[in-house]
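Asker: The task is simple: from the sequences and hints, build the whole structure.
Quick mapping for you: the protein sequence lines, in order, are chains X and D.
Just so it is clear: in the first sequence, position 144 is 144 by my numbering, and no numbers are missing.
Just so it is clear: in the second sequence, position 44 is 44 by my numbering, and no numbers are missing.
What you were told as hints is all true, and nothing was included just to trick you.
Chain X side only, calculated, beta carbon under 10 Å to chain D, not exhaustive: (1) 25; (2) 68; (3) 69; (4) 70; (5) 100; (6) 121.
Hint data in this document are derived by calculation from the structure and do not stem from the laboratory.
Quick reminder that beta carbons are idealized off the backbone N, C-alpha and C, glycines included.
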Amino acid sequence: MAQNQHVTILVVDDDEGHIELVRRSFRRTGISNLITSVTSGSDALDYVFGRGAYANRPGTSDLLILLDIRMPGAYDGIEVLRQIKADPTTKSIPVIMLTTTDDPREINRCYELGCNVYITKPVESTAFIEAINRLGLLISVMKMPTVPEKLA
Amino acid sequence: MTDPRGKPTRVGARDAAIVVVLAVVYFGAAKLGLSFAFATKQVTAVWPPTGVAVVALFLFGHRVWPGVLLGAFAANATHGESIATAAGIAIGNTLGPVAGAILLRRVVRFDRTLARLRDVIGLLLGALVTATITATNGVAQLALGGIIPPSAYGSVWPVWWVGDAMGVLLVAPILLSWVADRSWAWRGWRALEVVALFAMVVVVCHLIFQGSPELQMQNAVFPLTLWCALRFGVRETATAAAIISGMAVWGTAHGRGPFATGALDERLVLLEAFMTIAVIGPLSLSVATSERRRAEAALQRAHDELEQRVRDRTAALAAANTELAAKNAEVEAFVYIVSHDLRAPLVNLQGFAKELELSVGELSEKLQDAPLPANVQRDVAAILRDGMGAALRFITASTSKFERLIGALLRLSRHGREKYLAEVVDVGAVVGSTLASLQQSIAASGATVSVTGSLPNALGDATAIGQVFSNLVENALHYLRPGTPGVIEIGGEASGALAQYWVRDNGVGIGASAQPRLFQVFQRFHPHMAPGEGMGLAIVKRVIERHGGEVRVQSEEGAGTTFHVTLPAAAGAKGRVDGTESTRNDPRR
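Answerer: Here you go:
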């Protein structure tokens, strides 16, 4: 992922186990990007828009978001996706939906809202790890857009 | 209405009062009747007091008879009769009405509102009985008292008899119907109509019965009485009849009107005949009309009630349906959410089990190079391999199974939620592609799968119907009898509005005891024979029932199973799309 080394990967999932699994898989695939995580939709929005607890976060130029759909609280993954894609300053951030839901309606909705990739978290044996590994490969070859230095 | 059986302590005083009032009224009515007399002084065309007596005795019970007796005695005594004759007539005039009232009460079971035709006939009967007694006695008293010659008995009796009978027939309906209904219920045009009607009755009667005897116009009253009977109730009709009779008698008694010519007997007979027709005819018609009106009203009420009940039931059913639909949606949503939320921890279980497995592998590798005594090396390797490795395999197998069960639940819930198309489905083609996609499993099982004849088209959702056949064929493949070459046959035929299909196998079959549970979720009858979650037939049932069809099973253990499926036939039906969205997932199972 040499060309995308500067990209920070934000994992948004209310299940810390999932975050840890993602982290480990990425490491095993050789992705050495900064991986940061939040466990709620509102934290994700704060992070992305540099508000609240993240008002003074170091300006990360590039961001890639792994977003879970079903999260408790006021902002679920769909709403987080909607807000990110509705804001011109953040709409070019690649968002990968990574959820347990394989309901076609929800998948369609995510694509309509502008998510870039949709991945169903598989449980079967090594499938999840494999999916994350493939995702790692995908990220490593992805052409990352250049996001303005100062957000919002 | 006054209750004839008042409180016991007040009965005496009340009865005494009734007796006195009755005597006075009787007396007054008698004086009125005598003014109509035109044969002898004692014999009149109409004798109203007899009607008063019958009504009073009927309403208040026969214990008020002293009122009748007193009134009758006073009326006759003040009319120039000897005390003995007056007393004799009074006894008969009391006995007659008492007998008439008893007859009405006991035999006729007379309804005081004159609600039924039998009440009119009963009244007629009561009048005849009453008049027979009063006339037989009264005329005899006249003869005994020397007022008429005994030879005149035969000619005076009918006059007395008719007068008393008319008295009952005229007075009783008026009194009874006005007592039963005292309301002045006419409003607007109807009030105008009743006023006009009675005005016309009076004018017409005046013209007829005060006119020249040559003017035989008495039949002109009948249109009026018909009008009254058809448009108004018994009360108005009885009143009109009384007015007509009264004016007829009055005119005749004063030598005017159509009945004022000819011999006395002849006049009387004609007058009485006229009055009988004028009273009984309209009264019967009126009662029959009210009877019909009441029947109509009752029918209407029954009809309304029924309609209301139907409306209530329909509403209740609709409510129940809505509730059921809501419950159903709730259950579906619940299954859906639970399935997804249950999946999240499973991802962890499976993922970290894999992590552990990797770690165990790394540990094993590291162990080989570790400077440890051989026995420790061996023990640790055994722990890693047999202890941790085996445990991890169980965890992995269990989570995989858990995942499959959740996935199955999710599929079933999806089959309940997704919208179906309603289009003409070439079931032959659908089955063809289903079999093609099952090619590998079919080859592996060594079974022969054939389609008999051509399958009829159905109306429904091609993907869902393909799923049905896929599940049924897979089911058959899974449960073939070991050692017996599998034969699976698919057939179908159009049958009216339905298309029928069957999938027949020669497999292990399903025992009769298991068949009722066959289409329930998570039911597996030969779990050792095939993998699966026991969801296939539940999905078949759900899909078929959502199409409005039916699925049933015919099976014998050890001989084979036939699944029969019906779907709406597509014969002549144009394909149409039901619902606005098609959110089908791929038909993978």
